[in-house]
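Build the full structure now, drawing on both the sequences and the hints.
Each chain, letter by letter, is given below.
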Amino acid sequence: MSDRSDFYRFVGTKGYIVSRPLVEAVNCAVALQRPLLIKGEPGTGKTLLAHHVAEGLGLPMESWHIKSTSKAAEGLYVYDTLQRLNDARFGEGDVQDIRGYIKLGPLGRVFAAEQRHVLLIDEVDKADLEFPNDILRELDEMRFTIMETGDEVVARERPVVIITSNNEKELPDAFLRRCVFHFIDFPEPPLMRQIVDVHHPNLDSTLLDQALIKFYWLRGQNELRKKPSTSELIDWIATLLRSGISQEQLEAHIPFLGSLLKNEQDTAALQGHEQQGGTVPKSWSDLGPRYNQ
Amino acid sequence: MFLDLFYGLREEGVPVAIQEWQMLMSVLERGMHDCNLLSFYNLAKACLVKSETYFDAFDRVFARVFHGVEGELNPSDELMEWLNDPKNFEGLSEEQRRMLEELDADELMRRFLETLAEQDERHDGGGRWVGTGGHSPFGHGGEHPTGIRVGGHSRNRSAMKVAEDRRFESYRTDVTLDTRNLRVAIRRLRHLTRQGPEDELDIDETLDSTCKNAGEIELVFRPERRNNMRLLLFMDVGGTMEPYYEPVSRLLTALHEERGLRAFEAYYFHNCIYERVGASADLYLKDAVPTGDLLRRFDDRWKVMIVGDAAMHPAELMSARGNINPRHESDTRGVDWLWRIREHFQRAVWLNPDPPKDWEYTRTTRVIKSIFPMFPLSLDGIQDAVTTLIGSRPSAPSILRH
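Chains A and B supply the protein sequences, listed in that same order. Under the working numbering, the first residue of the first sequence carries the number 1, and numbering increases by one thereafter. Under the working numbering, the first residue of the second sequence carries the number 294, and numbering increases by one thereafter.
There could be a bad hint or two in this list.
To be verified - Stretch-level coverage of chain A by chain B, calculated; a stretch enters the list once three of its residues show a Cβ under 8 Å from a Cβ in chain B: (1) 17 to 25; (2) 29 to 41; (3) 181 to 192.
As the list claims (entries may be wrong) - Cut-off 30 Å, straight-line C-alpha distance, at most; resulting in silico cross-link-like pairs (BS3-like, lysine-lysine): (4) A:Lys227 / A:Lys262; (5) A:Lys14 / A:Lys227; (6) A:Lys67 / A:Lys227; (7) A:Lys39 / A:Lys262; (8) A:Lys103 / B:Lys505; (9) A:Lys71 / B:Lys505; (10) B:Lys662 / B:Lys650; (11) A:Lys282 / A:Lys227; (12) B:Lys505 / A:Lys67.
No wet-lab data here; the hints were simulated from the structure. Glycine included, C-beta positions come from ideal geometry on N, C-alpha and C.
Encoded structure:
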């Protein structure tokens with residue numbers, strides 16, 4: 001039985017603010033040695049989480065960024081037949097030793113490593129439908145066999161596996177069953193203040209208030225095709241700071257819209273709103289009861 | 294009570310299996326819930342629910358099962374007595390200790406609940422006086438169990454409040470499509486893709502195999518990436534269907550533009566399909582296409598999706614000359630046209646924007662439901678409809694009931 005103090009290992013890092021459910025999900029996954037599946041809107045810091053879990057736990061990290069062409073086998077190892085053929089023809093290298101042509105992939109490297117790693121499998125939903133099923137056994141048993149040599153790679157230390165998904169494809173049930181799941185909900189204003197504070201410390205509180213009011217108001221507009229996310233807010237605030245814009249200007253309208261809205265129609269819709277005499281809110285109470293503090 | 298949560302979730306259609314349940318149990322055994330209902334709520338959610346679309350169901354079940362647990366449940370007198378007696382805190386024999394560590398799940402849960410009753414607002418610090426799951430049950434000495442409740446404000450919202458808030462309602466999938474759900478639905482329909490004969494040369498694999506073959510050329514083929522799906526859409530655009538026209542047509546147009554389908558054709562009708570369907574949504578007479586032509590042009594490789602509320606006057610469906618538009622009278626009944634479509638195209642589904650509970654109350658809906666497999670126009674419904682469309686065997690039409 002592990003001690004409870006052992007369980008509460010990850011508490012967030014200086015550069016990354018986590019909500020309590022997320023901390024608990026992370027620690028749950030770490031303790032159970034199960035993969036942690038993270039979903040959430042783009043820009044809520046899914047990928048960043050893995051980096052900070054690694055930092056928080058003091059473990060090295062390996063990432064495996066999934067693309068639509070990624071195959072499960074690539075994560076384990078690649079047998080470079082072409083190189084071997086080439087070497088055989090030109091008499092270079094030790095062609096007899098197949099092991100020299102086996103290159104471990106991210107998953108393979110993490111298993112083979114001496115030290116416990118954090119493994120990020122980023123955007124698992126980008127890959128083919130069968131992809132998650134193909135790494136199921138490897139993630140479960142933390143071992144695999146290299147077919148060409150018969151060598152078995154067994155994880156000395158079960159890595160902390162963090163998997164992110166953007167919901168582009170449905171993941172198979174068998175895969176989901178093995179994961180601890182967390183959905184990163186969009187941060188509420190108080191948490192958002194903390195997050196902004198990490199990136200822009202000592203920000204003037206009136207400015208922050210105004211920025212957040214505009215930001216949450218924008219997000220509340222249903223017509224928008226792409227709602228601005230946390231990372232866009234942080235960029236936008238950086239722009240605001242650098243331009244040295246005045247409080248009054250920020251109060252009346254939304255400057256540098258380009259860093260918040262990434263879609264022409266959205267920008268046009270907002271301009272239309274302003275031209276028709278629509279106003280943007282100036283205080284939290286303008287946003288409705290949900291944000292009344 | 295804990296099993297109520299498990300079965301409650303299953304009843305709500307959340308796919309929870311024993312494996313996940315064991316996962317949660319082993320988390321509880323390690324005492325990770327920290328004797329706190331909110332932590333328990335978070336952990337249970339992380340372990341049991343694997344999609345945000347089920348968060349709302351989870352919240353509902355959790356609120357139902359644990360309603361009133363916080364601060365109301367009294368620990369049993371027996372346990373209180375035992376705890377109050379300081380003798381129990383020391384000198385447990387090895388055997389007793391082992392016994393305590395081997396508490397079965399029920400006992401574990403009972404104790405956990407009792408702990409919750411006392412400690413729902415405290416997050417950390419002393420007084421782990423009831424171990425849950427194998428921890429030593431005699432916690433820090435001297436702390437009186439009833440004293441724990443005193444002091445310490447809740448810094449977090451309580452689990453019940455979180456659960457009762459149901460903030461994830463908008464992620465439910467059994468509600469009718471709104472703009473947000475639409476995008477996900479499109480992706481679901483893309484599951485239809487990757488099918489077809491193995492007729493494309495896979496260069497990489499061919500190279501690999503050839504190399505492995507010591508230079509003997511070996512060709513490897515793979516299925517064509519362009520998919521084979523042909524979808525024929527019939528859409529009811531009359532009166533009651535007005536609110537649904539926009540989302541559905543946007544959905545399917547987007548699908549077509551994404552080249553998710555090999556071919557896509559859309560036709561429109563009002564209430565029921567007769568001898569002519571409209572090629573445009575405004576149903577202009579000059580654009581009308583004979584339904585019979587469609588049956589000739591499209592073979593049974595085409596999948597048919599009909600979107601409509603199936604609710605009309607019975608005569609519009611069941612009698613000759615039933616067409617709602619008096620200029621379009623003909624001798625063939627609407628229901629016969631529907632049967633023809635059903636028989637010509639092996640795979641056809643009907644998507645109905647009305648909630649399924651209303652279907653039985655409308656006579657025409659009942660009839661149409663016996664002709665086409667009918668699904669609600671929601672994410673879940675579309676997914677089921679898609680499964681039916683690409684399923685290995687077309688489902689036999691059920692016999693007409695009158």
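Hint check:
1. 17 to 25: holds (count 4)
2. 29 to 41: holds (count 6)
3. 181 to 192: holds (count 4)
4. A:Lys227 / A:Lys262: With Cα atoms ~9 Å apart, A:Lys227 and A:Lys262 stay inside 30 Å; holds.
5. A:Lys14 / A:Lys227: holds, 27 Å
6. A:Lys67 / A:Lys227: Cα-Cα ~24 Å, so holds.
7. A:Lys39 / A:Lys262: Holds, at roughly 22 Å.
8. A:Lys103 / B:Lys505: OK: A:Lys103 and B:Lys505 at ~16 Å, within 30 Å.
9. A:Lys71 / B:Lys505: OK: A:Lys71 and B:Lys505 at ~19 Å, within 30 Å.
10. B:Lys662 / B:Lys650: holds, 13 Å
11. A:Lys282 / A:Lys227: This hinted pair holds, its Cα atoms lying about 20 Å apart.
12. B:Lys505 / A:Lys67: holds, 26 Å
Of the numbered hints given earlier, the model fails none.
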